[in-house]
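A.B. asks: Each chain is listed here by its residues.
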Amino acid sequence: MSLEDKLSKIKYEPDTDSHLKPNQEECKTCKKKICTYVCPANVYEWLEDEQKLLIKFENCLECGACRIACEKKCLEWNYPKGTKGVTFKNG
Amino acid sequence: MSENKTEVIVVGAGPAGISCAVTIARSGHKVILIERGKFSGSKNVFGGAIYAQPTREVFPDFEKTAPLERKNVEHKYAILGEYDGTVVSYQNKHELPVSYTVMRGKFDRWMAEEAKKEGVILVEETVVRELLQKDGAVVGVRTELEDYYADIVVLADGVNSLLAKQIGLRGDIEPKDVAVSVKEVYKLPKEKINDRFHLNDDEGCIYEIFGGSMLGMLGLGFIYTNKESVSIGLGVTLDEFKEHKTKPYELLDKLKQHPVIAPLIKDGELLEYSAHLIPEGGFKKIPALVSDGVMVAGDAAMLVNNLHWEGTNLAMISGKLAGEAAVVALSKGDFTKKSLSRYAEALEQSFVMKDLKTYRDLMDVIHTRKESFLKYYLERINMFFEMFTSVNSVPKRTLYRDFIKNFLKSRSLKELFKDGFSVIKLLWSVLVK
Chain A
5 MSLEDKLSKI KYEPDTDSHL KPNQEECKTC KKKICTYVCP ANVYEWLEDE
55 QKLLIKFENC LECGACRIAC EKKCLEWNYP KGTKGVTFKN G
Chain B
1193 MSENKTEVIV VGAGPAGISC AVTIARSGHK VILIERGKFS GSKNVFGGAI
1243 YAQPTREVFP DFEKTAPLER KNVEHKYAIL GEYDGTVVSY QNKHELPVSY
1293 TVMRGKFDRW MAEEAKKEGV ILVEETVVRE LLQKDGAVVG VRTELEDYYA
1343 DIVVLADGVN SLLAKQIGLR GDIEPKDVAV SVKEVYKLPK EKINDRFHLN
1393 DDEGCIYEIF GGSMLGMLGL GFIYTNKESV SIGLGVTLDE FKEHKTKPYE
1443 LLDKLKQHPV IAPLIKDGEL LEYSAHLIPE GGFKKIPALV SDGVMVAGDA
1493 AMLVNNLHWE GTNLAMISGK LAGEAAVVAL SKGDFTKKSL SRYAEALEQS
1543 FVMKDLKTYR DLMDVIHTRK ESFLKYYLER INMFFEMFTS VNSVPKRTLY
1593 RDFIKNFLKS RSLKELFKDG FSVIKLLWSV LVK
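If you're matching them up, the sequences are chains A and B in order.
Just add 4 to wherever you are in the first sequence, counting from 1, and you've got my numbering.
Just add 1192 to wherever you are in the second sequence, counting from 1, and you've got my numbering.
Be a bit skeptical, because a hint or two may be false.
Stated by the list, open to error - List time: in silico PhoX-like cross-link candidates among lysine-lysine, alpha-carbon distance up to 20 angstroms: (1) B:Lys1197 x B:Lys1379; (2) A:Lys13 x B:Lys1458; (3) A:Lys76 x B:Lys1458; (4) A:Lys15 x B:Lys1379; (5) A:Lys77 x B:Lys1379; (6) B:Lys1326 x A:Lys77; (7) A:Lys37 x B:Lys1458; (8) B:Lys1197 x A:Lys32; (9) A:Lys60 x B:Lys1439; (10) B:Lys1368 x A:Lys77; (11) A:Lys37 x B:Lys1437; (12) A:Lys35 x B:Lys1439; (13) B:Lys1437 x A:Lys36; (14) B:Lys1357 x A:Lys25.
No wet-lab data here; the hints were simulated from the structure.
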């Protein structure tokens, strides 16, 4: 089962703007880009051609792994608005 | 200011926050419990079991009405190699159950409803963005909608606790002090679960999994049985993903394919995938627990005993003790750090701090010796049983001697000595010092 299939089982109320805001200039110089593999929802994808971090924030499980992992400390990480984000029915 | 002012605001309606708020409400004081999720528990994830005795300390009759899945009667410790495994099992059909599996989305919601019945004002779907301070003391919270003031604010806002960080009670969490946990819940018929796990009726079984896809990593896997589903997951220290360049869900997928594990969840329908962080810093990383007008409880205070898989109980007891300290502070009208320090002292006297102190060196030892204890010896255990159970017309003495020869050859005396020394050091710190 792909990650997309797994994520499709989760209840989300996506916001219109991202609660995850990296400083993209810093990301360009980041060698390891740890956010692209610690994230359990694969929210971060590095677009080599565009030299840009794609952020699928609507898939975020709000765990905070990226916030702690970010070596550049350039990620502005907030909880989504009270009515938005993920809802775990089981948890 | 009078309208937007209460006695206590508790941030976060998880086990710590609810326990704190209900303790305060029971003493007749005003308390507002703020939860960012749609309902209590909706942003929470854990492996699967709550502990009966500590839960009774906050909700004495919870077993009568709480949404419980199964009472656990068996603990299995699965030591997995790449393709094989050794499983040790302890069974005890206690008259009084030690733990129950629950779904946080249901159980926390139930606890919050109980707390409401006892006078707690629950405000859901509200994020506290920052703490309000005056002359260095915390005097309230700023939500997305308004500022709200209180004599005391309790931070039970979980492992990320941005609020404790905001006021400097703690710094950034280091990647080695936190585990990323992923979990999947599979729907299976009750009879199938009972057959596969050798259970009767509403009995439950817990698997603690070492090795397998996590060989050599600082991480553990788990399986819990629910009424009509099985939860499987793992938690691995954040810095391992950096080192091994693997993704959390890939590790779990690989674990699910292990021959010891796969039959347990076969044909299950995925109900939910979830993820959460587990604070693993232990005693040495506990933040400042009190300051003027504020206390910290539960995961926000790093109160997790990872060796014993205890977290919700530490959260509930710390919440309760913070609640009791708040009640005393309210009766005296003194909300200073000194007054609220009663909470830190009570926690110090309780099993919570005593246990965390007992294991204060555990994580250091495991971090430095993880290749030994989370790979080498796990593999050797399986290799021993592979040798012991083999029937291949080779004389047993030869098998034994080869095993020992191989053991000594693959591990230098220096490494063996270091392993032994770290075990003795750890035992000494647990039992004596």
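A.B. asks: Between Lys77 (chain A) and Lys1379 (chain B), does the CA-CA distance stay at or below 20 angstroms?
C.D. replies: Cα-Cα ~40 angstroms, so violated.
A.B. asks: Keeping to a limit of 20 angstroms between CA atoms, is the pair of Lys1368 (chain B) and Lys77 (chain A) held or broken?
C.D. replies: Within the cut-off at roughly 16 angstroms; holds.
A.B. asks: Given the hinted pair Lys1326 (chain B) and Lys77 (chain A), is their alpha-carbon gap at most 20 angstroms?
C.D. replies: 29 angstroms, violated
A.B. asks: Tell me if the straight-line CA distance from Lys60 (chain A) to Lys1439 (chain B) falls inside 20 angstroms.
C.D. replies: Within the cut-off at roughly 16 angstroms; holds.
A.B. asks: Hinted pair, alpha-carbon criterion (20 angstroms max): Lys37 (chain A), Lys1437 (chain B). Please report holds or violated.
C.D. replies: 11 angstroms, holds
A.B. asks: Would the hint linking Lys1437 (chain B) and Lys36 (chain A) be met if the CA-CA limit is 20 angstroms?
C.D. replies: 10 angstroms, holds
A.B. asks: Assess, step by step, whether the Cα of Lys15 (chain A) is no farther than 20 angstroms from the Cα of Lys1379 (chain B), and give holds or violated.
C.D. replies: Holds, at roughly 17 angstroms.
A.B. asks: Measure nothing beyond the straight line between the CA atoms of Lys13 (chain A) and Lys1458 (chain B); if it is 20 angstroms or shorter, mark the hint as holding.
C.D. replies: 18 angstroms, holds
A.B. asks: With the threshold set at 20 angstroms, check whether the alpha-carbon distance from Lys1357 (chain B) to Lys25 (chain A) stays at or below it.
C.D. replies: Since the Cα atoms of Lys1357 (chain B) and Lys25 (chain A) sit roughly 19 angstroms apart, the hinted pair holds (cutoff 20 angstroms).
A.B. asks: Measure nothing beyond the straight line between the CA atoms of Lys76 (chain A) and Lys1458 (chain B); if it is 20 angstroms or shorter, mark the hint as holding.
C.D. replies: 42 angstroms, violated
A.B. asks: Does Lys1458 (chain B) sit within 20 angstroms of Lys37 (chain A), going by the straight-line distance between their CA atoms?
C.D. replies: 35 angstroms, violated
A.B. asks: Is Lys1197 (chain B) close enough to Lys1379 (chain B), meaning Cα to Cα at most 20 angstroms?
C.D. replies: 46 angstroms, violated
The structure fails to meet hints 1, 3, 5, 6, 7 and 8 from the earlier list, while all remaining hints are met.
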